[in-house]
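> Assemble the whole structure, with the sequences as input and the hints as a guide.
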Amino acid sequence: MPLRQQVVFLALTGLLLLVILELVRRRRLRVEYSWVWLGSGVSIVVLILRYDLLVRLTETVGAVVPTSTLFLLCILFLAVLCLDFSVRLSTLTRQVKDLTQELALLRHEREADPPGGTGDPAHAAPEERFK
Amino acid sequence: MRVLIVIPCRNEAGNLPAVVAELRASRPGDDIAVIDDASRDATAAVARSLGCEAVTLPLHLGYGGAVQAGIKLGLRRGYDVVVTFDGDGQHDPADVEALVAAVAEGADLALGSRFQARGAYRGGPFRIAGRRLFAGLCRALTGLALDDPTSGLKALGPRAQALFATSRFPDRFPDADALVVAHRAGLVLTQRPARMRPSRNVHSMHDGLRPAAYAANMALSLLVAALGRARDLRE
Numbered sequence: 001m002p003l004r005q006q007v008v009f010l011a012l013t014g015l016l017l018l019v020i021l022e023l024v025r026r027r028r029l030r031v032e033y034s035w036v037w038l039g040s041g042v043s044i045v046v047l048i049l050r051y052d053l054l055v056r057l058t059e060t061v062g063a064v065v066p067t068s069t070l071f072l073l074c075i076l077f078l079a080v081l082c083l084d085f086s087v088r089l090s091t092l093t094r095q096v097k098d099l100t101q102e103l104a105l106l107r108h109e110r111e112a113d114p115p116g117g118t119g120d121p122a123h124a125a126p127e128e129r130f131k
Numbered sequence: 132m133r134v135l136i137v138i139p140c141r142n143e144a145g146n147l148p149a150v151v152a153e154l155r156a157s158r159p160g161d162d163i164a165v166i167d168d169a170s171r172d173a174t175a176a177v178a179r180s181l182g183c184e185a186v187t188l189p190l191h192l193g194y195g196g197a198v199q200a201g202i203k204l205g206l207r208r209g210y211d212v213v214v215t216f217d218g219d220g221q222h223d224p225a226d227v228e229a230l231v232a233a234v235a236e237g238a239d240l241a242l243g244s245r246f247q248a249r250g251a252y253r254g255g256p257f258r259i260a261g262r263r264l265f266a267g268l269c270r271a272l273t274g275l276a277l278d279d280p281t282s283g284l285k286a287l288g289p290r291a292q293a294l295f296a297t298s299r300f301p302d303r304f305p306d307a308d309a310l311v312v313a314h315r316a317g318l319v320l321t322q323r324p325a326r327m328r329p330s331r332n333v334h335s336m337h338d339g340l341r342p343a344a345y346a347a348n349m350a351l352s353l354l355v356a357a358l359g360r361a362r363d364l365r366e
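As given, the protein sequences belong to chains A and B, one line each in that order. Heads up: the first sequence at position 20 corresponds to 20 in the working numbering, and the numbers run straight through without jumps. Heads up: the second sequence at position 158 corresponds to 289 in the working numbering, and the numbers run straight through without jumps.
Keep in mind that the hints were calculated from the coordinates and are not lab data. What you are looking at is a predicted structure, and each value in this text was computed from that prediction instead of being measured. Hints may be right or wrong, so weigh each one.
What the hints assert, rightly or not - So the derived list for chain B, only partly shown, Cβ under 10 Å to chain A, looks like this: (1) D167; (2) A169; (3) A185; (4) V186; (5) T187; (6) L188; (7) P189; (8) L190; (9) G195; (10) G196; (11) A197; (12) L204; (13) R207; (14) S298; (15) D302.
Don't be surprised by glycine CBs; every beta carbon is placed ideally from N, CA and C.
This is the structure we're talking about:
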């Protein structure tokens, strides 16, 4: 890989890694989610510095040109990422369902036996307080 | 026996008075809890005016989430039996007695089966074929022999309530898959005749699911229930 290409790509990847770190630092991105992005950034850096690794990998998987190996890796990475998101979504769905049921049951319990009497507006559901 | 009848409802304000009146006439001693699945009509208010407990879900969860909320309510209050009953007039309150008796005799779960009742409404040919298919799948996968595994009329004893309150309960469309989960967890399942009537609604909670999508989902869910790790069930 020509030096010019290496420098440009290293700069771009460095910028990407900085953005990720900054997002984590500002708490916009949770630490556990940042690993997968940091990992992919670091592997890009490795492949830029050690292009021979990519060539060897291409020979191993039987691809013709290194670019197709790169695309293969990208697609695999995205597939794994989507699967991970599906797993997290399933967890969130169950948690939202459990919380919805819990909220409904607690509100029902409180309506049946309110701490400050039924007429106390402080014990009405927030959206009903202003009716 | 303290019995709680759970009616999961979405926009059933029109049907509830008739359904509850019929239930009260034949089951005067039982408590009735209406689980209002974020209805846009006055379902909860109507339920309260009829003297039922009304639990309103702040978000729409669908049949499974609503019925599970009712089971959790029954479990927390320590009811001997929780009966799940449809809010669209499909179920006949006269059938509840036999189901409650089955639980009193030691069953953990008693299922109302329309194939055991003579001369009753059974739905169109596709529905009958679908139910036969799921009954066959259930038997093939787990050896569980029930005629009508997609019936929504069930009586649950304390052990079934406890199991169905956990995340093992298939909360999307709990029909045959929920029975397979119960069977594999070592619960005692039985069935009693139940007369089903055509729903009063054009759109019941089950109609929203297109039949083919429902069948595919149920088949997959059944497989998952049948192949799920037994270790999880013994918790």
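> Confirm or reject each hint.
Now for the hints, and whether the structure bears them out:
no. : hint : verdict
1   : D167 : holds (9 Å)
2   : A169 : holds (9 Å)
3   : A185 : holds (7 Å)
4   : V186 : holds (4 Å)
5   : T187 : holds (6 Å)
6   : L188 : holds (5 Å)
7   : P189 : holds (6 Å)
8   : L190 : holds (5 Å)
9   : G195 : holds (9 Å)
10  : G196 : holds (5 Å)
11  : A197 : holds (9 Å)
12  : L204 : holds (6 Å)
13  : R207 : holds (7 Å)
14  : S298 : holds (6 Å)
15  : D302 : holds (6 Å)
Consistency with the previously given hints is maintained throughout, with no hint failing.
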